[in-house]
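Novice: Please work from the sequences and hints to get the whole structure.
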Amino acid sequence: GAVVSQHPSWVICKSGTSVKIECRSLDFQATTMFWYRQFPKQSLMLMATSNEGSKATYEQGVEKDKFLINHASLTLSTLTVTSAHPEDSSFYICSARGQGAIYFGEGSWLTVV
Amino acid sequence: GENVEQHPSTLSVQEGDSAVIKCTYSDSASNYFPWYKQELGKRPQLIIDIRSNVGEKKDQRIAVTLNKTAKHFSLHITETQPEDSAVYFCAAGAGSYQLTFGKGTKLSVIP
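Protein sequence lines correspond, in order, to chains G and C. Each residue of the first sequence is one higher than the one before, starting from 9 at the first, in this note's numbering. Each residue of the second sequence is one higher than the one before, starting from 117 at the first, in this note's numbering.
Distance ranges between label pairs, derived from CB positions:
1) C:Arg177 / G:Lys72: 39 to 47 Å
2) G:Thr88 / C:Ala186: 40 to 48 Å
3) G:Ala80 / C:Ser128: 42 to 50 Å
4) C:Ala145 / G:Glu60: 18 to 26 Å
5) C:Leu156 / G:Phe36: 22 to 30 Å
6) G:Thr119 / C:Ala186: 37 to 45 Å
Which residues of chain G face chain C? A partial, calculated answer using Cβ under 7 Å:
7) Ala109
8) Ile110
9) Phe112
No lab work stands behind these hints, which were simulated from the structure alone. Ideal placement from N, C-alpha and C gives every residue a C-beta, glycine not left out.
Specialist: Structure below.
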């Protein structure tokens with residue numbers, strides 16, 4: 009299957025700071041990527057759809073000014089959590105369409121202290 | 117929008133028995149139905165998928181069936197093994213593959 013790589017796997021940051029998570033499609037081009045958030049023992053909740061060269065589409069209830077998404081190339085989308093707070097601590101995971109299916113990155117554990 | 121219901125939320129089976137997980141969806145425009153297996157702290161792994169022009173698909177011990185009329189699809193795992201223990205998610209999507217996920221089923225295979 010297609011390979012999606014996400015970095016970093018783990019990040020700890022202080023309250024009030026920003027943190028950037030990268031999602032890369034390694035062996036295919038992805039015009040569309042998706043960002044999810046997953047709480048422990050819960051399902052994947054779509055946060056936003058990242059479109060190459062245009063603005064991301066956010067799901068209802070997701071603050072676009074807090075979760076900045078940039079999809080500047082066909083292989084890279086970034087999620088920046090701005091002014092992070094402890095309640096932003098979660099597992100963030102991206103996905104992209106490749107070879108006719110959706111593949112996920114490894115996910116990023118964010119802990120805000 | 118799409119709504120995906122998944123049952124059961126937990127499932128325990130004896131090793132060697134079969135496991136069945138069922139999902140229903142609401143949007144008749146959905147035409148792509150993947151199943152993912154997720155182990156704790158890891159990424160969801162695509163295990164099988166089916167498109168709406170197919171009623172059944174099989175890959176070794178795993179099979180998926182789709183009933184478009186009733187808007188439900190199911191995952192069947194035969195001859196279960198301890199390494200099948202994980203959380204399984206169904207999903208439904210269309211077009212650009214923006215997927216809506218079910219809430220997941222925690223499968224435990226008891227040796």
